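Order-wise, the sequence lines are chains X and A. Anchor point for the first sequence: position 480 equals 480 in this note's numbering, and the numbering is continuous, going up by one each time. To convert, count from 1 in the second sequence and add 1000; that's this note's numbering.
The hints are simulated quantities; they were obtained by calculation from the structure and are not laboratory data. The reader is advised that the hints may include incorrect statements.
Unchecked claim - Pairs of lysine-lysine, DSSO-like flavour, derived with a Cα cap of 27 Å:
(1) Lys1162(A) to Lys1142(A)
(2) Lys1256(A) to Lys273(X)
(3) Lys218(X) to Lys1076(A)
What the hints assert, rightly or not - Listed next, the stretches of chain A that the computed footprint assigns to chain X, with coverage defined by at least 3 CB atoms under 8 Å from CB atoms of chain X:
(4) 1020 to 1030
(5) 1152 to 1159
(6) 1163 to 1169
(7) 1213 to 1221
(8) 1253 to 1263
Unchecked claim - Every beta carbon over 10 Å from chain X, so not counted as near; a handful from chain A, in silico:
(9) Glu1009
(10) Asn1012
(11) Lys1015
(12) Pro1091
(13) Tyr1097
(14) Gln1145
(15) Arg1176
(16) Arg1179
(17) Arg1194
(18) Pro1201
Since this is a predicted model, take the numbers as computed values, not measurements. Don't be surprised by glycine CBs; every beta carbon is placed ideally from N, CA and C.
In case you want the letters, here they are:
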Amino acid sequence: MAEVAEQKPVAMETMTINGKTVSFSSGETILDVARRSGIYIPTVCARADLPSTGSCRLCIVKVEGARGYVTSCTTPAEPDMVVTTNSEEIEKLRRGILELILSEHPSACLVCAIRETCEKFNAPSSKAGRVTGCNMCPNRDTCELRQLVEYLGLEGIRYPLLYKGLPLERDDPFMDRDYNLCILCGRCIRVCQENLGLSAISFIRRGHCTKVGTSFEKLHVDGNCVFCMHCVDVCPTGALTVRGSKWYGYPDSEIPTTCILCERGCELVIDVKWNKVMGAHPTRDMNAGKREYCVKGRCCLPALFNSPHRLKYPAIRRDDSTMIYTDWGYVIPQVSEAIARYKPEEIAILCSRSLTDESIFALHEFARVFAESNVFYIVEGEIVFPSIEKSDKILKDIKLLYATEANSLSKEIEEQFVSLEDIIIQDIYPSPMSRSPKVSAILPATVFTEMDGTKSCAGNRRKSVTKAAEPQGSAIPDWEITVRVGTALNSADFRIKDFRSIQNHILRHPWVIAAVPMAPKDSLTYRGSPIADFVPDFRIFVEGRVQSKGEVHF
Amino acid sequence: MYELVEKSEIFNVHKMVIKAPGIADSMKPGQFCIIMATEFSERIPMTVSDWSTDTGTITIYALELGISTLELARMKVGGSLYAVTGPLGTPSEIRHYGTVVLGGGCYGIGGIYPIAKACKEAGNEVISIVEARYSPMFYHEKELQQVSNQVFYATSDGSRGKKGKVEDVIAEMLERGARVDQAFFMGCTQMLERCSEATRPIGIPTKVALNSIMLDGTGMCGACRVTVGGETKFACVDGPEFDGHKVDWRELQQRKSAYTEQEAVVYQSLSHECLAEKKLRGEL
Ligand SMILES: Cc1cc2nc3c(=O)[nH]c(=O)nc-3n(C[C@H](O)[C@H](O)[C@H](O)COP(=O)(O)OP(=O)(O)OC[C@H]3O[C@@H](n4cnc5c(N)ncnc54)[C@H](O)[C@@H]3O)c2cc1C
Ligand code: SF4
Ligand code: SF4
Ligand code: FES
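This is chain X alone, in the form it adopts within the complex (with noise of 0.2 Å):
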């Protein structure tokens, strides 16, 4: 009890908007009130989840007694404050700041006298370098100043439309920014610099060349950016965007799942469209910039996961020694029997580290049953296996090896498997292994946004993987591989049969989870791949940072 009596009590005032009496707690505006309260006032320079700067002037109301109108989103609410948030002068008011914001845009499409036409004809809007108007614009189906022009019905721009003549800036990894679209609203610098206190952007120049930029006009590789892409959520403009995720128009779906290609298992939302990753970017309400993403989650995943390197039919060596195309039906019995033709302690299973927790656990448990347990990961080039009565020694009798992430086996690697015979890949991307004439069958897997499951991160936390897009091919889920595989053996012993049997079994052996390590938060591969080999750019990205910084931190 002695806890309560110790809160602060909360200073509730009262005050009028629209005639309607609202409550509010010191320090709020009267924007703060008015959102709270579901009344709403139009924005272009102030959100939620930015501190406000009152410098584009929309958010005018009015309030009895002030002289002029006050911008809401910079005036404190004050008790029994009497604010009016529209009327017709208001609107009119608002009609003409929006005018001149229009006025040094590529606005033409806004006021063509076919506009609706042609919009539907061009869904998405079409692919453009130079944005010459919305219907070239990769933000047309989410901009603020449509939305805008919609609410306040604005029919024309009765000024002539000024074009800023300003190079596009593409010689960044990831980022194009055409600043001839951008209304200097500053949203971009204040989440950069206010809420993750970055600073690789603020507004250069004076008077009518005012820019937005980094010091120097630098590229932002070179500079404090992390490219995070913070700045292009809160743009309300098309003046920024993610250049692998801007041509197509609005999603089919957006999909909340959890990024694991490293431990800290971020919450991306992946924008789905043809069944495919098109975009990743942070939950549409999450108060932008609480947190900085890094660039592997935030702009690596469509390049990643639609590359067509991607495993996609199941592949098996005939007798001829050629390899052909086969589907799961007659690759399935084909692996059974050239596992049962090794002894347990035969047979070893490589493991990933980047599989969801459901399809490390039936790795394990087939290994248990099937392999005596011999499961081990590459960490840094090194073989680790997480048993420790398992040794080194071991590698000697390894005659079968099945490698879930053949990428990170070195030619050093296997030459410690002195009396390797048969290698099965089960794997997303190919790799030099799966050249290897010792390799019987080749089994494609599914990417985390193609499969639901969970996954172990850092502090104990485990979270839900969601399926997004479609598989390539026919790749189907690890787990899934594994337990065809197992169940084809016919074993009593091997105990899982679904998805649900695996996650029922994972509640009763946490352990079996908890020994797996993670993939460190600066890893620059994907379950063992180098990201840089199917995102061209993040190459740019990493080789950029080493050479300007000497290293290269996410």
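Since the structure of chain X is already known, use the hints to place chain A with the ligands on it.
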């Protein structure tokens, strides 16, 4: 290799003057060429907007859209294109019609120039109408004026000429009682359709330069199939010009957007020839 001798940008439209003497020698109005920026590039069709047998050059105006035109946009004077194939397509039919109206939008602003020039030389009264979003987006202007009896402008924002589109200028002309014997249009599919609808009611013979997706440009692959008057035609050899009143526009638009997904996906792993990369290679 085909050297790029001149290059400039006018609002996303890249003027490229390319050394290609063989093509310049045999080019006719209404024809196009197929170009590849590099050995690994896609083949893309581009209308030849101007050429000179003296300098052995051709001029194209390329709009930057997806990655193939991005490659063109990034090229610098002195660089070379890997391949330029042409002339391709059936040339425009040029004869003495009387009064000819030519309408151009996007790359058609430049593309109608050689047709206008030839029509003028054939003794026609040439009226050119060009449309753009704003006034500074017009290009190849002096040249077009030289070969036209009149040039009309239409802009979306009204900053130059008529506030509206080419068809609005035509409607106004027809209202004033102007007589038009032949119309030619070049631009995006939507513009071609709108303009054809404007000339249909009074039956002005109308030719439109179609831009269906092309691969070989020589009638072999069938990628460029269009339906005109119920018949299947190959735009690359039977066209690109067809009777605008007989084109199946819905089918054309559908076929043109057949690869929207692939075009968006390929943009994801665009290998980016950017400043940052050049710096890494020590070129800056
Ligand atoms: C006869 C003809 C003449 C043309 N003349 C010009 C010109 O003078 N200037 C100009 O800028 N453009 C011209 N085009 C259009 C130009 O070819 C396309 O804009 C270009 O191919 C787009 O390639 P991309 O990879 O940059 O874009 P993408 O992202 O691949 O595609 C964007 C859009 O361009 C169209 N397109 C894509 N590939 C082709 C292709 N191989 N053939 C035709 N259209 C395609 C599709 O409709 C697609 O939706 C012409 C097209 C034709 C058929
Ligand atoms: S930012 Fe919005 S208003 Fe501006 S061109 Fe893009 S879609 Fe149109
Ligand atoms: S780039 Fe976007 S967020 Fe930044 S000031 Fe300009 S319009 Fe605002
Ligand atoms: S482009 Fe191949 S047939 Fe016309």
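Verification of the hints:
1. For the hint linking Lys1162(A) to Lys1142(A), the alpha-carbon distance of about 19 Å falls within 27 Å, and the restraint holds.
2. Restraint check: the Cα-Cα separation between Lys1256(A) and Lys273(X) comes to about 19 Å, which is no more than 27 Å; the hinted pair holds.
3. The suggested pairing of Lys218(X) with Lys1076(A) holds, with an alpha-carbon distance near 22 Å, which does not exceed 27 Å.
4. Here the region 1020 to 1030 of chain A counts 0 residues with a CB under 8 Å from a CB of chain X, which misses the bar of 3, and the coverage is violated.
5. Requiring three or more residues with a Cβ within less than 8 Å of a Cβ of chain X, the coverage given for the region 1152 to 1159 of chain A holds, as 5 such residues are present.
6. With 4 residues having a beta carbon nearer than 8 Å to a beta carbon of chain X, the region 1163 to 1169 of chain A meets the requirement of three or more and the stated coverage holds.
7. By the rule of at least three residues with a Cβ nearer than 8 Å to a Cβ of chain X, the coverage given for the region 1213 to 1221 of chain A is violated, with 0 such residues.
8. With a threshold of 8 Å between beta carbons, the proposed coverage of the region 1253 to 1263 of chain A by chain X holds, since 4 of its residues qualify and at least three are required.
9. The non-interface label for Glu1009(A) is inconsistent with chain X: the shortest C-beta to C-beta separation is roughly 8 Å, within 10 Å.
10. Distance check on Asn1012(A): its Cβ comes as close as 4 Å (rounded) to a Cβ of chain X, failing to clear the 10 Å threshold; non-interface status is violated.
11. Chain X leaves Lys1015(A) outside its interface by the beta-carbon criterion, the shortest separation being 14 Å against a cut-off of 10 Å.
12. The non-interface label for Pro1091(A) is consistent with chain X: the shortest C-beta to C-beta separation is roughly 29 Å, beyond 10 Å.
13. Annotated as non-interface, Tyr1097(A) keeps its C-beta farther than 10 Å from every C-beta of chain X; the closest such distance is 29 Å.
14. Look at Gln1145(A): its CB is around 23 Å from the nearest CB on chain X, clear of 10 Å, so calling it non-interface holds up.
15. A cut-off of 10 Å between C-beta atoms confirms that Arg1176(A) is not in contact with chain X; the least separation is 20 Å.
16. With a closest Cβ-Cβ approach of about 26 Å to chain X, Arg1179(A) is found to remain outside the 10 Å limit, as its non-interface label requires.
17. For Arg1194(A), the non-interface assignment is contradicted: its Cβ lies about 8 Å from the closest Cβ of chain X, within the 10 Å cut-off.
18. Every Cβ of chain X is farther than 10 Å from the Cβ of Pro1201(A); the closest lies at roughly 18 Å, confirming the non-interface assignment.
Hints 4, 7, 9, 10, 17 from the earlier list are contradicted by this structure; the remaining hints agree with it.
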